[in-house]
Amino acid sequence: MNTDNIILSIRNVVKHFDISGGFLDQIRFKKGRFRLEETTVKAVNDVSLFIKKGETLSVVGESGCGKSTLARVVMGLYPPNSGEVHYGGKRIDNLNHKQMLPFRKKMQMIFQDPYASLNPRKTVQQTLEEPLRFHHPELSGNEINDKIDQVMEQVGVDQAWIKRYPHEFSGGQRQRISIARGLILDPEFIVADEPVSALDVSIQAQILNLLMKAGRERDLTYLFITHDLSVVRHISTRVAVMYLGTICELAKAEDLFADPRHPYTKALLSAIPVVGEKRAKQIKLKGEVPTPVHLPTGCVFHARCVYANERCLHQIPELLTLDNGTCIACHAVEENRIIS
Amino acid sequence: MPHLLELHDLEVRFALRTGDIIAIDGVDLTLDKGETLGLVGESGAGKSVTGFSIINLISKPGYISKGKIIFNGDEISSYSDEKMREIRGNKISMIFQDPMMTLNPVFTIGFQMIETLQAHRKISKADARNIALEKLKKVHIPSPEQRLEQYPHELSGGMRQRIIIAISLLTDPAIIIADEPTTALDVTIQAEIMDLLQELCESENMALILITHDLGVVSQVTERMAVMYAGKIIECGLTDQIVKHPVHPYTEGLIKSIPGTVITPGCDLVQIPGMMPTLTNIPPGCAFNPRCYLKEAICTTKTPELKDAGNGVWAACHMR
Ligand SMILES: Nc1ncnc2c1ncn2[C@@H]1O[C@H](COP(=O)(O)OP(=O)(O)OP(=O)(O)O)[C@@H](O)[C@H]1O
Ligand SMILES: Nc1ncnc2c1ncn2[C@@H]1O[C@H](COP(=O)(O)OP(=O)(O)OP(=O)(O)O)[C@@H](O)[C@H]1O
Ligand code: SF4
Ligand SMILES: [Mg+2]
Ligand SMILES: [Mg+2]
Numbered sequence: 001m002n003t004d005n006i007i008l009s010i011r012n013v014v015k016h017f018d019i020s021g022g023f024l025d026q027i028r029f030k031k032g033r034f035r036l037e038e039t040t041v042k043a044v045n046d047v048s049l050f051i052k053k054g055e056t057l058s059v060v061g062e063s064g065c066g067k068s069t070l071a072r073v074v075m076g077l078y079p080p081n082s083g084e085v086h087y088g089g090k091r092i093d094n095l096n097h098k099q100m101l102p103f104r105k106k107m108q109m110i111f112q113d114p115y116a117s118l119n120p121r122k123t124v125q126q127t128l129e130e131p132l133r134f135h136h137p138e139l140s141g142n143e144i145n146d147k148i149d150q151v152m153e154q155v156g157v158d159q160a161w162i163k164r165y166p167h168e169f170s171g172g173q174r175q176r177i178s179i180a181r182g183l184i185l186d187p188e189f190i191v192a193d194e195p196v197s198a199l200d201v202s203i204q205a206q207i208l209n210l211l212m213k214a215g216r217e218r219d220l221t222y223l224f225i226t227h228d229l230s231v232v233r234h235i236s237t238r239v240a241v242m243y244l245g246t247i248c249e250l251a252k253a254e255d256l257f258a259d260p261r262h263p264y265t266k267a268l269l270s271a272i273p274v275v276g277e278k279r280a281k282q283i284k285l286k287g288e289v290p291t292p293v294h295l296p297t298g299c300v301f302h303a304r305c306v307y308a309n310e311r312c313l314h315q316i317p318e319l320l321t322l323d324n325g326t327c328i329a330c331h332a333v334e335e336n337r338i339i340s
Numbered sequence: 001m002p003h004l005l006e007l008h009d010l011e012v013r014f015a016l017r018t019g020d021i022i023a024i025d026g027v028d029l030t031l032d033k034g035e036t037l038g039l040v041g042e043s044g045a046g047k048s049v050t051g052f053s054i055i056n057l058i059s060k061p062g063y064i065s066k067g068k069i070i071f072n073g074d075e076i077s078s079y080s081d082e083k084m085r086e087i088r089g090n091k092i093s094m095i096f097q098d099p100m101m102t103l104n105p106v107f108t109i110g111f112q113m114i115e116t117l118q119a120h121r122k123i124s125k126a127d128a129r130n131i132a133l134e135k136l137k138k139v140h141i142p143s144p145e146q147r148l149e150q151y152p153h154e155l156s157g158g159m160r161q162r163i164i165i166a167i168s169l170l171t172d173p174a175i176i177i178a179d180e181p182t183t184a185l186d187v188t189i190q191a192e193i194m195d196l197l198q199e200l201c202e203s204e205n206m207a208l209i210l211i212t213h214d215l216g217v218v219s220q221v222t223e224r225m226a227v228m229y230a231g232k233i234i235e236c237g238l239t240d241q242i243v244k245h246p247v248h249p250y251t252e253g254l255i256k257s258i259p260g261t262v263i264t265p266g267c268d269l270v271q272i273p274g275m276m277p278t279l280t281n282i283p284p285g286c287a288f289n290p291r292c293y294l295k296e297a298i299c300t301t302k303t304p305e306l307k308d309a310g311n312g313v314w315a316a317c318h319m320r
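Residue numbers (the numbering used here), protein chains in the order written: chain G, 1 to 340; chain H, 1 to 320.
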């Protein structure tokens, strides 16, 4: 593998949250005695992946599977419990605030809810100006304004709106402003966490086009988080499918959609409603998604999987690379037990 | 044959301090026995208000300002609150996006189901319990006896939505109105719930009004659909026909802007410029005209009426 053009790599990242609460919340009465019990959410468990320069890697999966947590670990917003994050060949998960500064410029994040991510008391001008002044104290007032104008034009927000506050904008416009904020420092790498999920379809298309255009013009690399598989198919170079905090399949977008291999991916893809097509027989999953507090043993998917056998109950499947480059964590695939 | 449900020139207003706003502006709809109808459109188009107005549940300061609603030959839009209660939750049930709008967190599922039944029928507790069990089985809930003893928070989102559906089935309604019933759920669960609703409509000969912004879901579940824009229906008719050959430029844009419908991955999606106007700001003529690529002078002066576009589709557009 050519490692030169790898911009980001995540190695065996684990992120757990302790939600035990206070001392009293932890006391449990079990089998005739009191014990202290800690409750941990095992949000991300041993995830490794890399992203090449210029590509869009999407992470998909159902609610609670750990997508946002992974994104935040990448951005340095959550320290991982173990594992490493490398950016441009340098390990960044263990840096202090000051050491992290240059990376804060190169790496930007766009959130699902522009309501929450934009400061309601700041005008568009202030929102865009602040990061520039912070990271580029050498710029003059004029230079800053030029830069803001340029970005505003690129994201399609009217220059005349510069003195307005977030609440005066629609959801789509607000998302444009948060994209403008994401672009203002000329980043190389953008983590977009469900950037279009809160928007209506007609507006969603505008924002997706904008993100793709910015990507082309600025040679950006994206880590794109979403649960919308049609969006994923449209924008991704490669796709990682997550289930309960682990990657079960990672493949080129066209391969994944043409020939999903993991039993979970198969079920997930068969469930997407496609406009104008009567649904092909949906692959039904047994049971419910377990909670990340009580992770299943072995393959996290085994309780819902029709191919599960003894080995799946006990042994965690490793992410293996197939001939076409697709990575799969499934014993049944490895053992060739899945026909078609 | 008369329709099961008819909306005639329905107008709904919200009386605000600054004056009335018209949220639903002259909507005509029909629904037949056992039919599935999808109501789509973007946020604020008036889908929920239309659904709520049928069972007279519009929140204050909203009111039906014009038109009428006829159910089984009776003009229910003129019913008193008390008389409406015989219809609502009985002959016409509603499923909300948020299961907690229906479920009370402090009572068991069984208690709530039995109470619902007893509110509408003179029936013994034991009989009500049996009907509750039967409906839970209909929605494929595993171990239904146990579920009756459980509280809503002990169940997953998908399971809760099944319970809601079971509750809505208790009184053998003629119509179920489902407002975004799966929006809060994951795709794999969503697909199961949709399958379930479809299956029930067939087996119980029940009519369904499915309110959603997801055209994919509508195209897979419904026979007929209506597209709303700024309080009006701008296109309606056979779902299969509309999704394949939309007539109104808005519907066309909506379908083409969905990734994976017409555009190859990686290329720019078709986008409708601008956004839906707010209700206080609706442009004269066709409300869609500022965003429309077919617009001519007449579009800015005269409001287009729904007209027969052939193939079982009606559309409100001067140019098509
Ligand atoms: N700060 C936190 N404290 C405790 N638990 C958390 C925290 N953040 C996330 N979790 C838990 O970790 C798990 C993964 O959450 P995460 O937000 O990463 O999921 P997601 O894949 O982004 O889901 P969604 O599609 O709903 O956004 C969930 O069970 C969540 O409740
Ligand atoms: N209580 C209210 N007071 C004032 N206006 C209201 C009220 N309820 C709804 N409206 C207005 O009526 C219009 C239609 O709202 P409705 O809830 O039917 O939209 P919708 O199509 O269901 O949208 P969504 O997809 O967001 O649910 C909106 O413009 C809304 O602002
Ligand atoms: S490893 Fe086993 S349980 Fe997991 S997906 Fe593959 S076959 Fe199913
Ligand atoms: Mg998330
Ligand atoms: Mg609504």
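Because the hints were derived from the structure by calculation, they are not lab data. Some hints could be false.
Below 30 Å or equal to it, Euclidean Cα-Cα: the simulated DSSO-like pairs (lysine-lysine) are [unchecked claim]:
1. G:Lys266 <-> H:Lys256
2. G:Lys284 <-> H:Lys138
3. G:Lys281 <-> H:Lys137
4. G:Lys266 <-> H:Lys91
5. H:Lys256 <-> G:Lys213
6. H:Lys244 <-> G:Lys278
With beta-carbon atoms standing in for the labels, derived distance ranges [what the hints assert, rightly or not]:
7. G:Lys105 <-> H:Asp268: 23 to 31 Å
8. G:Lys213 <-> H:Met319: 38 to 46 Å
9. H:Asp98 <-> G:Asp18: 28 to 36 Å
10. H:His245 <-> G:Glu254: 39 to 47 Å
To give an idea of the interface, some chain G residues facing chain H are shown, with a C-beta separation under 8 Å as derived from the structure [as the list claims (entries may be wrong)]:
11. Leu208
12. Ser230
13. Arg233
14. Gly276
Positions of the beta carbon are idealized from the N, C-alpha and C atoms, including for glycine.
Results for each hint:
1. Of the pairs offered as hints, the one joining Lys266 of chain G and Lys256 of chain H holds, with about 26 Å between alpha carbons and a cut-off of 30 Å not exceeded.
2. For the suggested pair Lys284 of chain G and Lys138 of chain H, the alpha carbons sit about 17 Å apart, so the restraint of at most 30 Å is met.
3. Of the pairs offered as hints, the one joining Lys281 of chain G and Lys137 of chain H holds, with about 22 Å between alpha carbons and a cut-off of 30 Å not exceeded.
4. Pair hint Lys266 of chain G plus Lys91 of chain H does not hold up; C-alpha atoms about 40 Å apart against a cutoff of 30 Å.
5. Restraint check for Lys256 of chain H and Lys213 of chain G: satisfied, since their Cα atoms lie roughly 19 Å apart, inside the 30 Å limit.
6. Between Lys244 of chain H and Lys278 of chain G, the direct Cα distance comes to roughly 12 Å. Compliance with the 30 Å bound is thereby established for this hinted pair.
7. Range check, Lys105 of chain G to Asp268 of chain H: about 29 Å between beta-carbon atoms, so the 23 to 31 Å window is met.
8. Evaluation of the 38 to 46 Å hint for Lys213 of chain G and Met319 of chain H yields a failure: the beta carbon distance comes to about 30 Å.
9. Distance hint check for Asp98 of chain H and Asp18 of chain G: the Cβ-Cβ separation is about 30 Å, which falls inside the suggested range of 28 to 36 Å.
10. Judged by the Cβ atoms, the range 39 to 47 Å given for His245 of chain H and Glu254 of chain G is violated: they are separated by roughly 28 Å.
11. Taking 8 Å as the C-beta contact cut-off toward chain H, the hint placing Leu208 of chain G at the interface holds, the least distance being around 6 Å.
12. Interface restraint check: Ser230 of chain G against chain H, minimum CB-CB distance 4 Å, threshold 8 Å, status holds.
13. Interface restraint check for Arg233 of chain G: the shortest CB-CB distance to chain H comes to about 6 Å, inside 8 Å, so the restraint holds.
14. Checking Gly276 of chain G against chain H by beta carbon gives a least distance of about 4 Å; that is within 8 Å, so the hint holds.
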